[in-house]
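I would like the entire structure built from these sequences, with the hints used as guidance.
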Amino acid sequence: MTLAEILASLFPEGHAVTVADGLVAGEGPFEGGRLRVIGVDGDAPLGVEGALTLAGHVLDAVRAGDKAPILVAVDSDSQRMSRRDELLGLNECLAHLAKALLLADRRGHPTVGLLYGHSAAGAFIATALATRVLAALPGANPSVMDLPSVARVTKLPLEKLQEMAKSTPVFAPGLDNMLATGAVHAVLDPEKPLGPQIRDLIAVLPERDERDRLGQERGGRPVAEAIAKAVADQIRAG
Amino acid sequence: MAGPDRDRLSWYEASARQRLDALLDPGSFTEVLGPAERRMSPHLPLFDLPRAFDDGIVVGSGSLDGKTMFVAAQEGRFMGGAFGEVHGAKLVGLLRAALDVKPAAVLLLLDTGGVRLQEANAGETAIAEAMRAIVAARAAGVPVVGLIGGRAGCFGGGGLIAGTCSRLAVSEGGRISVSGPEVIETNKGAEEFDSKDRALVWRTMGGKHRRLIGGADAFCADTVSAFREAALRLIADAPAFDLDTLTAEQARLRARIDRFGQCRDATDIWAKLGVNDPDAVPAMDTGAFDETVAQAREAVHDAR
Amino acid sequence: MESLTFRHTTTKPLPGTKPQAITGVVASGNLEILLERVLPPDACEVAIETPVAGYGPVWEAVVADFVARAQPGGVRISINDGGARPDTVSLRLLQGARLMEA
Amino acid sequence: MADWRGERKARDARIEAGRAHANGKVVPAGDAVALLEAVLKPGDRVCLEGDNQKQADCLARALSQCDPGKVHGLHMVQSGIVLPEHLDVFETGIAERLDYSYSGPQGARVAKMLYGGQIKLGAVHTYLELFARYFIDLTPHVALIAGVSADREGNLYTGPNTEDTPTIVEATHFKNGVVVAQVNEIVDKVPRVDIPGDRVDFVVEADTPFFVEPLFTRDPAAMTETQILIAMMAIKGIYAEYGVRRLNHGIGFGTAAIELLLPTYGEKLGLKGEIATHFALNPHPTLIPAIESGWVRQVHCFGSEVGMDRYIRERPDVFFTGADGSLRSNRALCQTAGLYACDMFIGATLQIDLMGHSSTVTQSRVAGFGGAPNMGSDPHGRRHPSDPWMKAGREAQIVGDPALMRGRKLVVQLVETFGDKLVPTFVEKLDAMELAKKIGLELAPVMIYADDVTHIVTEEGIANLLLCRDADDREQAIRGVAGYTEIGRGRDRAKVEELRARGIIRRPEDLGIEPLDADRSLLAARSIKDLVHWSGGLYEPPARFRNW
Numbered sequence: 001m002t003l004a005e006i007l008a009s010l011f012p013e014g015h016a017v018t019v020a021d022g023l024v025a026g027e028g029p030f031e032g033g034r035l036r037v038i039g040v041d042g043d044a045p046l047g048v049e050g051a052l053t054l055a056g057h058v059l060d061a062v063r064a065g066d067k068a069p070i071l072v073a074v075d076s077d078s079q080r081m082s083r084r085d086e087l088l089g090l091n092e093c094l095a096h097l098a099k100a101l102l103l104a105d106r107r108g109h110p111t112v113g114l115l116y117g118h119s120a121a122g123a124f125i126a127t128a129l130a131t132r133v134l135a136a137l138p139g140a141n142p143s144v145m146d147l148p149s150v151a152r153v154t155k156l157p158l159e160k161l162q163e164m165a166k167s168t169p170v171f172a173p174g175l176d177n178m179l180a181t182g183a184v185h186a187v188l189d190p191e192k193p194l195g196p197q198i199r200d201l202i203a204v205l206p207e208r209d210e211r212d213r214l215g216q217e218r219g220g221r222p223v224a225e226a227i228a229k230a231v232a233d234q235i236r237a238g
Numbered sequence: 001m002a003g004p005d006r007d008r009l010s011w012y013e014a015s016a017r018q019r020l021d022a023l024l025d026p027g028s029f030t031e032v033l034g035p036a037e038r039r040m041s042p043h044l045p046l047f048d049l050p051r052a053f054d055d056g057i058v059v060g061s062g063s064l065d066g067k068t069m070f071v072a073a074q075e076g077r078f079m080g081g082a083f084g085e086v087h088g089a090k091l092v093g094l095l096r097a098a099l100d101v102k103p104a105a106v107l108l109l110l111d112t113g114g115v116r117l118q119e120a121n122a123g124e125t126a127i128a129e130a131m132r133a134i135v136a137a138r139a140a141g142v143p144v145v146g147l148i149g150g151r152a153g154c155f156g157g158g159g160l161i162a163g164t165c166s167r168l169a170v171s172e173g174g175r176i177s178v179s180g181p182e183v184i185e186t187n188k189g190a191e192e193f194d195s196k197d198r199a200l201v202w203r204t205m206g207g208k209h210r211r212l213i214g215g216a217d218a219f220c221a222d223t224v225s226a227f228r229e230a231a232l233r234l235i236a237d238a239p240a241f242d243l244d245t246l247t248a249e250q251a252r253l254r255a256r257i258d259r260f261g262q263c264r265d266a267t268d269i270w271a272k273l274g275v276n277d278p279d280a281v282p283a284m285d286t287g288a289f290d291e292t293v294a295q296a297r298e299a300v301h302d303a304r
Numbered sequence: 001m002e003s004l005t006f007r008h009t010t011t012k013p014l015p016g017t018k019p020q021a022i023t024g025v026v027a028s029g030n031l032e033i034l035l036e037r038v039l040p041p042d043a044c045e046v047a048i049e050t051p052v053a054g055y056g057p058v059w060e061a062v063v064a065d066f067v068a069r070a071q072p073g074g075v076r077i078s079i080n081d082g083g084a085r086p087d088t089v090s091l092r093l094l095q096g097a098r099l100m101e102a
Numbered sequence: 001m002a003d004w005r006g007e008r009k010a011r012d013a014r015i016e017a018g019r020a021h022a023n024g025k026v027v028p029a030g031d032a033v034a035l036l037e038a039v040l041k042p043g044d045r046v047c048l049e050g051d052n053q054k055q056a057d058c059l060a061r062a063l064s065q066c067d068p069g070k071v072h073g074l075h076m077v078q079s080g081i082v083l084p085e086h087l088d089v090f091e092t093g094i095a096e097r098l099d100y101s102y103s104g105p106q107g108a109r110v111a112k113m114l115y116g117g118q119i120k121l122g123a124v125h126t127y128l129e130l131f132a133r134y135f136i137d138l139t140p141h142v143a144l145i146a147g148v149s150a151d152r153e154g155n156l157y158t159g160p161n162t163e164d165t166p167t168i169v170e171a172t173h174f175k176n177g178v179v180v181a182q183v184n185e186i187v188d189k190v191p192r193v194d195i196p197g198d199r200v201d202f203v204v205e206a207d208t209p210f211f212v213e214p215l216f217t218r219d220p221a222a223m224t225e226t227q228i229l230i231a232m233m234a235i236k237g238i239y240a241e242y243g244v245r246r247l248n249h250g251i252g253f254g255t256a257a258i259e260l261l262l263p264t265y266g267e268k269l270g271l272k273g274e275i276a277t278h279f280a281l282n283p284h285p286t287l288i289p290a291i292e293s294g295w296v297r298q299v300h301c302f303g304s305e306v307g308m309d310r311y312i313r314e315r316p317d318v319f320f321t322g323a324d325g326s327l328r329s330n331r332a333l334c335q336t337a338g339l340y341a342c343d344m345f346i347g348a349t350l351q352i353d354l355m356g357h358s359s360t361v362t363q364s365r366v367a368g369f370g371g372a373p374n375m376g377s378d379p380h381g382r383r384h385p386s387d388p389w390m391k392a393g394r395e396a397q398i399v400g401d402p403a404l405m406r407g408r409k410l411v412v413q414l415v416e417t418f419g420d421k422l423v424p425t426f427v428e429k430l431d432a433m434e435l436a437k438k439i440g441l442e443l444a445p446v447m448i449y450a451d452d453v454t455h456i457v458t459e460e461g462i463a464n465l466l467l468c469r470d471a472d473d474r475e476q477a478i479r480g481v482a483g484y485t486e487i488g489r490g491r492d493r494a495k496v497e498e499l500r501a502r503g504i505i506r507r508p509e510d511l512g513i514e515p516l517d518a519d520r521s522l523l524a525a526r527s528i529k530d531l532v533h534w535s536g537g538l539y540e541p542p543a544r545f546r547n548w
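Chains as they are written, first to last, in UniProt numbering: chain R, 1 to 238; chain P, 1 to 304; chain Y, 1 to 102; chain F, 1 to 548.
Any given hint could be a false lead.
Here are some chain F residues pointing at chain P (derived, C-beta under 8 Å) [claimed, not checked]:
1) Arg152
2) Ser521
3) Gly537
Keeping only pairs whose Cα atoms sit at most 25 Å apart, straight-line, the calculated DMTMM-like set for lysine to aspartate or glutamate is [as the list claims (entries may be wrong)]:
4) Lys18(Y) x Asp194(P)
5) Lys188(P) x Asp176(R)
6) Lys12(Y) x Glu514(F)
7) Lys437(F) x Glu96(F)
8) Lys188(P) x Glu217(R)
9) Lys196(P) x Glu514(F)
10) Lys196(P) x Glu96(F)
11) Lys188(P) x Glu13(R)
12) Lys155(R) x Asp194(P)
To list a few chain R residues with every Cβ distance to chain P over 10 Å, as calculated [unchecked claim]:
13) Met1
14) Ala16
15) Thr18
16) Ala68
17) Leu158
These aren't lab readings, by the way, just hints derived from the structure by calculation. Ideal placement from N, C-alpha and C gives every residue a C-beta, glycine not left out.
This is the structure in structure tokens:
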């Protein structure tokens with residue numbers, strides 16, 4: 001689905017969401033209140049300015065105090081790779097955006113990610129992965145690194161990696177693998193209106209971070225949950 | 001092997017275990033899920049790669065000046081300190097426990113190239129989980145302090161974790177960045193970033209630049225004792241995690257881009273910060289650099 | 001990856017009481033060595049995981065010399081190798097034994 | 001009537017032809033090709049200056065761009081085959097024959113071209129040999145040299161990297177040859193005259209400063225515990241044992257570790273002033289802590305080292321410097337000093353065989369040895385005694401009248417038993433032998449012959465070959481320090497213990513050294529940054545060695 005189709009499906013009565021320089025911001029009527037939308041569109045890379053702009057919108061929402069849900073719609077490239085962005089502290093800006101979303105969540109704004117295209121690396125962590133629950137649409141294509149690049153770095157033949165990817169979701173790009181890892185909670189049905197599907201997700205927001213449990217159930221992260229639990233239990237026991 | 005003489009032990013050279021041993025009060029460190037439990041990566045054998053008994057991260061608790069600390073130390077020499085499934089989960093478990101136990105602080109000895117490619121999805125997700133857990137701990141009043149001065153630096157998702165901490169201490173050798181020099185060069189060409197120009201690399205993402213622009217809160221000589229003193233100072237002075245802090249951070253970062261967005265090189269930024277002789281900064285020793293930092297108002301803030 | 005295991009009988013137990021120790025790092029040309037005092041006092045076992053195949057006889061010689069010299073009775077030694085040279089292996093083994101004796 | 005001035009006339013004609021492209025002696029870089037085409041004749045012997053450090057790179061490019069129809073069949077007589085252009089000229093036919101001495105980075109291509117017949121090789125010399133032949137049978141018709149600056153008269157300032165220039169000019173100019181110098185700039189007055197202007201016929205103003213390779217910079221951060229252990233053994237078991245004051249170091253990490261241990265480990269052993277006081281050595285950055293701690297009295301240099309200029313300027317009591325303050329190096333004289341005035345050479349190699357022959361040549365690379373064989377040989381022309389030299393001589397002497405005994409130079413090979421990628425250092429047969437057969441060399445490229453080697457130091461111990469009395473002693477002494485290589489594992493254990501009892505093999509414990517003490521904290525500097533601090537900020541390392 002395109003962003004326009006998504007917004008049309010979410011807000012049949014119309015909305016005030018705009019896109020500028022690949023950055024998405026605005027809101028629309030939702031379940032008797034409103035749904036704020038931020039995000040990245042058009043496979044745009046996320047740099048220092050973009051991250052601060054989006055974080056600014058999120059902090060405005062928190063200041064408004066209405067506890068309205070925030071949808072983070074993502075079809076992005078990775079972080080913007082440039083000397084200037086790093087010089088200006090891209091790590092702080094991306095972390096700031098993630099912290100803004102996590103703060104909003106703590107202050108009662110349900111945060112929902114919606115992955116409808118590509119996303120990768122730092123941009124993915126700072127946006128979609130910083131929400132309480134992450135949904136995706138079929139065709140979404142999250143990745144940390146594409147397989148040819150993985151082949152280059154690991155010095156393994158591409159064919160072998162493709163073969164391994166079938167049985168080992170832990171390293172291969174793609175929505176199915178991110179789903180198996182537990183990073184993506186659910187895949188929405190594009191044939192049905194998105195509004196109610198988002199509403200249903202918000203209705204059952206997980207209390208705690210359950211991504212490792214999902215990863216264990218779905219087989220994409222076989223040991224993470226048990227390891228985290230063992231560490232936490234042992235250290236609590238002193 | 002030299003004993004843990006923290007005044008002489010180089011942070012840059014020490015292993016994760018040596019750093020922890022020397023950083024904490026003597027004999028106070030208790031490791032959880034230590035090497036003898038052999039919780040190794042289930043994925044590396046598929047790639048015919050050697051594993052480490054601790055998957056490259058040491059986690060546990062100890063004391064610093066008598067105060068209880070939770071600590072995690074990444075081993076930058078094993079797979080570049082990168083986040084794999086087990087590695088990431090150990091950090092996440094530690095941070096989650098901090099929320100209940102409320103130690104005096106959590107110390108993260110970051111030394112990482114980012115996500116371990118062979119376990120990329122697990123690593124990436126673990127970083128997101130860790131960031132959420134850091135925020136939860138901070139909101140509950142537990143300072144989370146990052147210490148960065150290892151050879152792997154703090155790259156990729158590690159850079160985002162650093163940006164989530166309450167406070168950061170960095171040494172000259174430490175680098176903090178999202179995209180590494182080689183990654184930028186590979187994607188955008190050597191004209192954009194010549195990764196072999198090491199002076200440029202350190203000017204752009206090294207400890208001194210980060211400290212001068214307020215990307216880190218303390219600058220340490222390359223000894224464990226310098227990091228220990230910095231950690232004690234930073235714990236006592238950690239900002240809260242709330243709307244005020246993030247509002248201030250928004251303003252701080254916005255002002256930085258407005259003021260320095262046109263600068264091509266770190267030396268241009270340092271000149272605008274009021275540093276008299278920007279070209280002299282890389283060669284300064286810790287004392288001279290501290291005096292220089294004292295003149296840069298951007299370096300001191302509670303906006304993180 | 002190649003797995004190798006060597007078992008030796010020693011004339012005496014390794015001095016000291018430390019139950020376990022670890023030294024070294026799995027990195028290119030380096031290795032980590034985990035020592036655990038879990039065997040009968042006259043037994044020593046060394047288990048190696050190495051990515052460099054075909055060096056069995058070298059490992060055997062290095063381990064035999066170490067056992068003869070340190071007499072590490074009672075200790076199980078587990079090695080994750082990153083392609084270390086034999087002299088580095090010897091050095092780490094001796095470092096490990098010293099840590100256990102401390 | 002015989003014409004006794006034919007060469008002189010030919011030179012005058014060449015210079016006359018070249019003047020068409022010059023303003024006085026000065027030629028713009030853009031006209032360098034035309035100049036060379038004018039002064040060169042087919043079949044000329046040409047010395048294109050370049051060694052393991054500085055390169056006349058602008059002139060090398062110009063030569064490679066000459067028209068092979070005009071310039072061809074040259075006989076190159078030069079120290080180094082280092083730049084790609086040095087070999088390009090053989091592919092185009094501009095050059096045909098080669099006599100040289102060093103080819104680090106181009107070693108593999110040299111091997112391929114020798115095998116393919118594109119190069120007709122005279123010989124791979126040592127530096128001193130090649131310099132010597134410049135004056136006997138390989139005198140250049142044209143020399144293409146490099147300097148920092150020149151005035152319009154041709155007075156040349158070479159800067160700290162004087163290196164081979166005086167020798168080349170001496171041989172060329174005074175025997176009817178033409179000297180062409182590239183310089184970074186033309187100035188009104190040079191800081192000092194390294195080569196008088198009447199010996200320089202043309203000066204080309206280069207488009208870029210000449211290239212210098214920082215070949216002698218070793219980053220302390222990369223030094224391993226094994227290298228430190230070997231360095232400790234060398235200091236205690238050889239430097240202290242023989243009281244070696246006058247010496248030359250190789251360029252490897254092992255000797256760099258020794259340099260960094262002098263102010264720490266050496267100090268602890270009370271050896272300051274007793275050892276390592278006078279060097280024939282390039283200005284190694286790793287020597288800075290020893291100099292600053294007062295260990296080193298004097299250093300004469302083959303060339304300079306990138307980044308060391310300011311430091312050297314401020315230490316004229318230690319280094320040879322000109323009136324302008326900068327270093328004066330001279331490869332020929334420093335090689336001579338290393339050969340005759342030093343009691344010890346200590347350096348690394350890639351392969352050692354069971355006899356003790358060593359080489360850095362592998363099956364696919366003809367590296368050439370530069371100066372190592374001069375440093376690493378016992379000069380039979382030496383006539384002055386010294387304690388280390390006499391002691392080594394006594395150890396080697398078996399029979400004969402003590403009054404007729406002469407000394408021995410200490411030639412020490414410092415190696416780890418395995419190199420990179422677990423390649424063994426000790427072998428049954430040198431790769432160099434195989435290579436010689438493959439490409440038809442009359443003489444196998446051996447760096448140091450077995451009969452010159454006096455000691456081999458590895459992490460397992462020191463083998464003193466002077467004390468060996470027969471071939472079996474010698475083979476087992478080498479096997480006895482060869483560690484876990486096949487050669488080492490093939491030792492006769494009982495014989496090795498006997499050699500140990502005779503002091504021919506000495507283990508760390510025999511020297512009172514605990515291997516576990518070999519720790520990086522012993523290094524006087526553990527990073528390049530530490531070296532900068534030791535130098536008081538005077539050492540300015542190249543960017544690639546920085547991490548700040």
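Outcome of the hint check:
Nearest Cβ of chain P to the Cβ of Arg152(F): about 35 Å, over the 8 Å cut. The hint is violated. Here the hint on Ser521(F) is kept, as its CB sits about 5 Å from the closest CB of chain P, short of 8 Å. Because the closest C-beta pair between Gly537(F) and chain P is about 6 Å apart, less than 8 Å, the hint holds. Proposed proximity of Lys18(Y) and Asp194(P) is contradicted: the alpha carbons are some 50 Å apart, above 25 Å.
Of the supplied pair hints, the one linking Lys188(P) and Asp176(R) is violated, its CA atoms being roughly 30 Å apart against a limit of 25 Å. Taking the CA atoms of Lys12(Y) and Glu514(F), the gap is near 22 Å; set against the 25 Å cutoff, the hint holds. A hinted pair counts as satisfied when its Cα atoms are at most 25 Å apart, and Lys437(F) with Glu96(F) qualifies at roughly 22 Å. Annotation: proposed proximity of Lys188(P) to Glu217(R) is violated, straight-line Cα distance about 40 Å (limit 25 Å).
Distance check on the hinted pair: Lys196(P) and Glu514(F) sit about 39 Å apart at the alpha-carbon level, beyond 25 Å; violated. Restraint check: the Cα-Cα separation between Lys196(P) and Glu96(F) comes to about 37 Å, which exceeds 25 Å; the hinted pair is violated. With a C-alpha separation of about 43 Å, the suggested pair Lys188(P) and Glu13(R) falls outside the 25 Å cut-off, and the hint is violated. Taking the CA atoms of Lys155(R) and Asp194(P), the gap is near 23 Å; set against the 25 Å cutoff, the hint holds.
Every beta carbon of chain P lies more than 10 Å from that of Met1(R), the smallest distance being close to 23 Å; the non-interface claim holds. Distance check for Ala16(R) against chain P: the nearest CB is about 22 Å away, which clears 10 Å, and the non-interface claim stands. Every beta carbon of chain P lies more than 10 Å from that of Thr18(R), the smallest distance being close to 21 Å; the non-interface claim holds. The beta carbon of Ala68(R) sits about 16 Å from the closest Cβ of chain P, which is more than 10 Å, so the claim that it is off the interface holds.
The non-interface label for Leu158(R) is consistent with chain P: the shortest C-beta to C-beta separation is roughly 14 Å, beyond 10 Å.
Of the numbered hints given earlier, the model fails hints 1, 4, 5, 8, 9, 10 and 11; all others are met.
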